[in-house]
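Given next are the chains, with one letter for each unit.
4 protein chains.
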Amino acid sequence: MIRFENDYAEGAHPQILQRLVTTNEEQTPGYGMDKHSETARAYIKKAIAAEQADIHFLVGGTQTNTIVISSILRPHQGVVAAHMGHIAVHETGAIEATGHKVLTLPSENGKITAAQVKACYDAHWQDSTHEHMVQPGLVYISHPTENGTTYSKAELTALSEVCRECGLPLFLDGARLGYGLVAQESDLSLAEIAKLCDVFYIGGTKMGALFGEAVVIVNPAYQRDFRYMMKQRGGLLAKGRLLGIQFETLFEEDLYMAISHHAVVMAMLIRQAFIDKGFALRYDSKTNQQFPILPNDMLTALAEKYSFSTWETFDDNYTVVRFCTSWATKKEQVDRLIEDIHQLA
Amino acid sequence: MIRFENDYAEGAHPQILQRLVTTNEEQTPGYGMDKHSETARAYIKKAIAAEQADIHFLVGGTQTNTIVISSILRPHQGVVAAHMGHIAVHETGAIEATGHKVLTLPSENGKITAAQVKACYDAHWQDSTHEHMVQPGLVYISHPTENGTTYSKAELTALSEVCRECGLPLFLDGARLGYGLVAQESDLSLAEIAKLCDVFYIGGTKMGALFGEAVVIVNPAYQRDFRYMMKQRGGLLAKGRLLGIQFETLFEEDLYMAISHHAVVMAMLIRQAFIDKGFALRYDSKTNQQFPILPNDMLTALAEKYSFSTWETFDDNYTVVRFCTSWATKKEQVDRLIEDIHQLA
Amino acid sequence: MIRFENDYAEGAHPQILQRLVTTNEEQTPGYGMDKHSETARAYIKKAIAAEQADIHFLVGGTQTNTIVISSILRPHQGVVAAHMGHIAVHETGAIEATGHKVLTLPSENGKITAAQVKACYDAHWQDSTHEHMVQPGLVYISHPTENGTTYSKAELTALSEVCRECGLPLFLDGARLGYGLVAQESDLSLAEIAKLCDVFYIGGTKMGALFGEAVVIVNPAYQRDFRYMMKQRGGLLAKGRLLGIQFETLFEEDLYMAISHHAVVMAMLIRQAFIDKGFALRYDSKTNQQFPILPNDMLTALAEKYSFSTWETFDDNYTVVRFCTSWATKKEQVDRLIEDIHQLA
Amino acid sequence: MIRFENDYAEGAHPQILQRLVTTNEEQTPGYGMDKHSETARAYIKKAIAAEQADIHFLVGGTQTNTIVISSILRPHQGVVAAHMGHIAVHETGAIEATGHKVLTLPSENGKITAAQVKACYDAHWQDSTHEHMVQPGLVYISHPTENGTTYSKAELTALSEVCRECGLPLFLDGARLGYGLVAQESDLSLAEIAKLCDVFYIGGTKMGALFGEAVVIVNPAYQRDFRYMMKQRGGLLAKGRLLGIQFETLFEEDLYMAISHHAVVMAMLIRQAFIDKGFALRYDSKTNQQFPILPNDMLTALAEKYSFSTWETFDDNYTVVRFCTSWATKKEQVDRLIEDIHQLA
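Keeping their order, the protein sequence lines are chains A, V, U and B.
For the record, in the first sequence the residue sitting at position 140 is 164 according to my numbering, with numbers rising by one throughout.
For the record, in the second sequence the residue sitting at position 325 is 349 according to my numbering, with numbers rising by one throughout.
For the record, in the third sequence the residue sitting at position 110 is 134 according to my numbering, with numbers rising by one throughout.
For the record, in the fourth sequence the residue sitting at position 314 is 338 according to my numbering, with numbers rising by one throughout.
The reader is advised that the hints may include incorrect statements.
It does not matter which identical chain is meant; a pair holds if it fits inside one copy or across any two.
[What the hints assert, rightly or not] Derived pair list, reagent style DSS-like, types lysine-lysine, alpha-carbon separation capped at 25 Å:
1. K329 to K59
2. K329 to K355
3. K59 to K354
4. K142 to K177
5. K142 to K219
6. K301 to K355
Just so you know, the hints here were simulated from the structure itself, not pulled from any lab data.
Bound conformation, chain A alone (with noise of 0.2 Å):
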């Protein structure tokens, strides 16, 4: 069986458990004090162009949303989210948790709009009634999205204008980050990001750590005491040197980006392989996660060899489903897949 379900199948990227096992006898502070966490830090200011930035290194993704975005949100504040936002149907209620409603957007393709957000606020505002419904507070987007498509520079510079414009902090779900940075097509650099954002988080599970993702909050505003929300939402971690050391290895050289390219590069090749097939994709994504619509015998052929998910079902006769390629997928894997599509009666 070849796995292509999700990017998180295997453990780590070898040089991260590399590092892991050389650095392991080192005694450190613990809590994220420690200086490995320093030096990512440092690397990833450098990366992102950004000083003033604070980063933080949490576990994983829905820890991360929670944290950032019940440490920014007064008690009457929403979300504004896609409706198939990760916050507002896959992490369990975990923003309501926290006390505030998830406001949701209708997204053909897992991305909203300047216009939306726009509308979303003044309609709020132009409701004589506002204060018996929850206040637009902060607006959530996800680079990829869950459906594996980006943002260009001008969509996410007039999303970003139209928050300032209406004091909404712009917070970036950047789960998989690295896959939309190196996206064909993509004109967004991880600068460019760190000037839009107020805050955006770069994902390391899924981009081949152990786990971990490195929030950066840039806007200094939502920086004060953010350690004591990641204290009481359990995201502190004790041994917090083994998010220091694997984002350190993820960017002090190039291995982020190195690994980010592979994955789409193999992604690239398994897209384009269902293309000349004659299948259509149910998203446009140029990133790790590509989503053809299949017959359903064929998905009965294509799993005794190849697992992937089951995404929606499309009609009688057809199911979307969602290949997944990582740091770990091997070119022979991509190549024996591909062949296995072309033979598809």
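Here the structure of chain A is known, so what remains is to put chains V, U and B in place on it, guided by the hints.
For chains V, U and B alone, coordinates are given in the frame of chain A:
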């Protein structure tokens, strides 16, 4: 500098790290459904002699306490704990953040008694306005406590009986459980703890793992839907195998007990050295944490070669400090420390 | 200006106010333990034919919804409701503030169906990653709905059956319950509602009381410790007698039904006038709220003499507005309105 | 039975009830936007000499404390209060239910001092692991306290100065504020309280109203969006006029002070009778609550004719009880009680 300041200053026990390396390329399902987690669960069930228990792996102690406690209490209930219990003072109000008060009982050494719990319960229900007060809903203890002390079998049995009589589930925080199990005078086995408690956890982070705590839900009444709670509070690790692999290694043979034993033997040597030199100990700890009361000028001398934590001011001339041992503590480091203790003037 | 904008524009029905005056000097215990509250509970139990029910009095609707819902759900559960349900949009996220998501179902007229609830429940449990999603834990409906529509006995029975089959308690918001009970075509009695629901409330604020809602907890599973919840959420009124006295007055004889009947008769006259004049109604309401779709220029004319609420924009030329009646609506005011409707050009 | 057990045993002062009757037919907008509420706000602003203050009306004390405190604190912050403060013990964990810890300070008489607050603040920030502890974020006091004691102008000024120095807002719970204002030796006026506090409330429920508390937000930093918080926590009364009318009546002329004065004069007579008879008082209260320490056998005798509350067991033979007065306490009732006190053997 030789470090005795805590039991999480290094990475992991080499066997654990080695196992992470050898399993790294394996492809497994996420979120704790992998075979390593299954195996670890089987090992632990055997060790605790409780086949019906549910076992889940979480990343850290605050996360574990929060998820367990909030999954059990109804909104108007609070958790009873020693006033210096970890959840009462050192988790940034994590329990309150889930809506629940920590109802504290006075304690000299971190332990609470069956009589205290009974009195607290009776006082609540005898008050004619009890509906205006938080209802005791759960009892939290740690073993060993934050102060290194342990419950005897008789004490835990009494607590357990009172809890059952009052309908209060008993939750034991075992962040350092191994050290308690092997402590001199300790007469509590894992199987007995599993019989006497409703929920407890077997700590990994402070016991030689990179991170991780194994929650054991013995009482079926509290097993339902626990994985939802884990996900909602950010505790369902994508690469859940990392936890499974670590606990598999710890419980496959006797590594967990070996680590515990080594650390406690080292601690007892340090303890004896302080006693021999005529220093008092703040708490009568037979586990891996020792709390000598030292003259301030001697502290300065010791601090040149050794790191340890300042616990509390004892009086104008004396301070309580904490020396910790772990799997990583070397006999020769302890010998050197003992020598220096003997030469303190 | 004659006001039809809502059903809470005046104080209380004179009989209620009178009773407050005559009982004013009585000395009673606080917090709902007084004899008026006891009597009111007895009257209501008789009216609903459910001796085993627990009855509590709260001040307002948002408070009631919040306390009931948060007292029933476990942390990972959400409440299923129509997407335009009061708890979903008009309570400033009160439910989320207690940690729970509102799981919304589409609705044309404020009602949800048994089939929708079943499908929602099945979709959750059939999803292999259901632990990553909020679990349906309770079903919330209003009767009449925000849109004036009502459930038939067959519809409520079907909902109730599905709820019981799925283990989902059914909670009916009866802020305007009386108007639903007397509505033409309505075949649901108080006793039937008590049989079909687990919890419901009999609204007072919008039914002629100064304020107050009577919560009826029919299912014993949800009765325990409810007064704690009331106190914790600020709902245990010190002078609880005020609620007791009002509901005692409403249910001593048939005042509650008389008020309901009067308001609905007035509303039906208004409804007929709009229909006669050829205007469409946005919702098919047989209760005290009427939602005609009126040309914008006619609105301006009407607004000179009458107040009513703007409900929603229908199209460029038409607007949906709401006319409400209550105990305080006078026949001659309605007659004048009807006359003016007939003369609209 | 003559009742002295609390100050909320009757309905409302007749003038208030009368005003509710005369205004009953008026039609007003809901949710506190009516002209009576406007007028009441104007009267109060004049009484406190603070035109910039925001004034909101809520129904009860627990609701008010919860809404004010949760609207100010960030998630990792707690509220500092006396250990027997109402929010710490008698509100069923309402503050914790909003996610915040109550950080308690020891107190002999319900009051806390500027020095205590400073020490608490310093202790937090001097701790090297302060991020692991709840951060003090607000100071809560009551005046008079639960024990009938009051702050002097010097004491409140000192508290206010320390709070401002530490950046901690000061919130004064004035559930019985009037009784404090007129207390012998009291040198604090409403205007001074408004200058020294950031937020406070003027109690109605225990001061002759049917119900209601007037929240005064003096510091503009805490004024924003307060009505959202009210709505979310179930505190925005549909018929908000009821609160407006009551406070309008209380502050139109000098009814609030007259009620306060009458109750305190009655209480002072009772106090003197106990002192004359040689009984000690548990707290040195100059307000409407008196706490004599009485022999248990005399209690039984008194209890035949008078109701009062049992406060706490003093020792095997003595009990602390509470006698309360209010607007409804009649001079002849007090005379009869005094006579009976004098005849206690």
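Hint by hint, here is what the structure shows:
no., hint, result
1, K329 to K59, "between (45 Å within a copy, 20 Å between copies)"
2, K329 to K355, "within (16 Å within a copy, 53 Å between copies)"
3, K59 to K354, "between (34 Å within a copy, 23 Å between copies)"
4, K142 to K177, "within (18 Å within a copy, 44 Å between copies)"
5, K142 to K219, "within (20 Å within a copy, 40 Å between copies)"
6, K301 to K355, "within (20 Å within a copy, 66 Å between copies)"
Every hint from the earlier list agrees with this structure, and none is contradicted.
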